[in-house]
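Residue numbers (numbering that gives the first Met the number 0), protein chains in the order written: chain A, 0 to 339; chain B, 0 to 339.
No lab work stands behind these hints, which were simulated from the structure alone. Mixed in with the good hints there might be a few duds.
The calculated lysine-lysine pairs, modelled on DSS-like cross-linking and capped at a C-alpha distance of 25 Å, are [stated by the list, open to error]:
#1 K333(A) <-> K57(A)
#2 K48(B) <-> K113(B)
#3 K48(B) <-> K173(A)
#4 K113(A) <-> K113(B)
#5 K113(A) <-> K48(A)
#6 K113(A) <-> K173(B)
#7 K173(A) <-> K113(B)
#8 K271(A) <-> K255(A)
#9 K308(B) <-> K324(B)
#10 K160(B) <-> K173(B)
#11 K57(B) <-> K77(B)
#12 K254(B) <-> K271(B)
#13 K160(A) <-> K173(A)
#14 K48(A) <-> K173(B)
#15 K324(B) <-> K57(B)
Protein chains: 2
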Amino acid sequence: MLHITPQDLRESMIPAIENQMHQIMTMANEPELEPFYSMMAYHLGWEGKGAGPEARGKRFRPLLLLLTCVSAGGGWEKALPAAAAVELLHNFSLIHDDIQDNSPLRRGRETVWKIWGIPQAINAGDAMLTLAHLAMLNLENTVTSDILTTAVRLLQQTCLKLTKGQYLDMTFEKCAQVTLEEYWQMVEGKTAALISVCAELGALIAGASESVCQYYKDFGHFLGLAFQAQDDLLGIWGDAAITGKSNESDLVSGKKTLPVLYGVSQEGEFSKRWLLGNIRPAEVHQIAAQLENEGGLAFTRQETERLTKLALDSFYQAEPQEPAKGLLIDIAEKLLHRNG
Amino acid sequence: MLHITPQDLRESMIPAIENQMHQIMTMANEPELEPFYSMMAYHLGWEGKGAGPEARGKRFRPLLLLLTCVSAGGGWEKALPAAAAVELLHNFSLIHDDIQDNSPLRRGRETVWKIWGIPQAINAGDAMLTLAHLAMLNLENTVTSDILTTAVRLLQQTCLKLTKGQYLDMTFEKCAQVTLEEYWQMVEGKTAALISVCAELGALIAGASESVCQYYKDFGHFLGLAFQAQDDLLGIWGDAAITGKSNESDLVSGKKTLPVLYGVSQEGEFSKRWLLGNIRPAEVHQIAAQLENEGGLAFTRQETERLTKLALDSFYQAEPQEPAKGLLIDIAEKLLHRNG
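Based on the provided sequences and hints, a complete structural model is requested.
The following block contains the structure:
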């Protein structure tokens, strides 16, 4: 193999993912259906006010999929249909999520339902979900029919897990008590299942053995759980939650995240205040400090580290190949040390 | 073959379809996810207040699929996964439709969103859509991998057409003018695409040639258009719209259906009143009579007959086999002559 730097690899993948997504999206682009297409293109950060790289997110999931494919010894180009599929699936879930959470903004831009209304936004999400699965079917040109069927089924199963996780998440909002076990079950469905299947699909498409696919799957699973734990940490002690924008703190929204569940289980001062509800932005600093004193921050940090270690353990067992190996480790470590 | 009466055939199919759907739905039935499963089981008419055959609808689409399979020379049992898939897909679209239309009732029962709220109903619809596609994958056990891939793709493409039709339907509500051409494009996506793919899938799974599959596909396409035209007719001159429940008339809801579009194009008295909007239940009788006088009823009836004839022309070209042939003709004729 030629010398490919990790940076070269990443920089050739990003536009190829975007290009693959554009190809699929043409299936929804007809002159009479212009706003239908535009709602989706807007959400993907391609069109409308504020369009551009900032609005697109990091395309973390398709990158993970392509890198895993290379790491497991495959050519990443043949995994592009699956990469487009997972990113479209992720974006479908965001469109519906924003309606369900009543969120007016995503990445600093108005959400689809806010601009086009709930009925059209539900439909745009349904269409994007369908386009995700249609994208996956383009693997027909690059893999065997057995691998194709497995990949199609894996994505559908992941989608079912997403809806289960979403159900639990919405139900928890209205529950007085949520156990840590229930919390992890929700995160497994809502966050980890899709990240896990990205790694699994990459290995599958590379033609890896069942055991190697399983190692990558577990890698993605633990990475997804660690990702969520870190997200929960940032929701209380991250830059946005602490500096200035106290109204963005998860303490204000009342979300039952990992540090909160830990804090409640301690039955101390934090728990007392939390159970009264309605935390105001002005109190956020003090309550976050209280939760930190009672061990909520340390516990969450430990969990993130424990889960990242489990992810990497599984990753090494898969005997990953350079240069993708280094990039995947980078990704895992950046997840752990990000600030926002 | 033994003597199977059409009635025998139909009566063995209905419970088999229900059974197949139950099998798939177990994938969403876990103790911790009880209400998640129940929302879907309720919508399917299996659980909750008013559950029972009346709440289930006619299961017309899966029956059409199984009968087409037999009619094209196949064994219907092997098409059961596809039959469950189309019925689940249809029901997914109803769950989301009811939210989009703000409908509190379906088949005399409260809708899913009305009971569990919009966020959970969106999610239940997403899950049912996913279960539809997972159902289709069970064809793996009964057909070749080529037919499997084709069937999976056909269902996804149909789903994309559904979202396009839905987009147009919601957009038309806010348009001053809709042409007949635009109307038929909407109906093709929203109604005919799914009915068409039922017939096509039946023939495909039977192992029919491409040309025979195409005949069945066209049969379903025209049947779907005829079905909608008749639905539109009943929405103004049907029993429910005329006798007593004038508030259920499409004239009151302001829907731009086929007879209305015809009436508007005549630029007569009906058109004048229609364009003023806000038709009250008390006026429904008189305005329906006006539209009838101006040819709206006759035009719609002619269209239904013309389309049904096109459907049957295509059907006969497929050289359908008894006893399914007779049942399928029955279905087509009942569609044309139904009153509600």
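Is it true that the CA of K254(B) sits at most 25 Å from the CA of K271(B)? Distance of about 16 Å is within 25 Å: holds.
Is the Cα-Cα distance between K333(A) and K57(A) 25 Å or less? The hint holds at about 13 Å.
Would the pair K113(A) and K173(B) pass a check requiring their Cα atoms to be no farther apart than 25 Å? 17 Å, holds
Does K113(B) lie within 25 Å of K48(B) when you go C-alpha to C-alpha? Distance ~13 Å between K48(B) and K113(B) Cα, so the pair holds.
Does the structure keep K324(B) and K57(B) at a Cα separation of 25 Å or less? 19 Å, holds
With a cut-off of 25 Å on the C-alpha distance, tell me whether K308(B) and K324(B) pass. 15 Å, holds
Between the alpha carbons of K48(A) and K173(B), is the straight-line distance 25 Å or under? 24 Å, holds
Is the straight-line distance between the alpha-carbon of K57(B) and that of K77(B) 25 Å or less? Within the cut-off at roughly 21 Å; holds.
K160(B) and K173(B) were given as a pair; does the straight-line alpha-carbon distance stay at or below 25 Å? 21 Å, holds
Check the hint pairing K113(A) with K113(B) against an upper bound of 25 Å on the C-alpha distance. Measuring from Cα to Cα gives roughly 22 Å; hence the hint holds.
Is the hinted pair K271(A) and K255(A) satisfied, with a Cα-Cα distance of at most 25 Å? 15 Å, holds
Straight-line alpha-carbon gap K113(A) to K48(A), limit 25 Å: 13 Å, holds
In the structure shown, no violation is registered for any of the earlier numbered hints.
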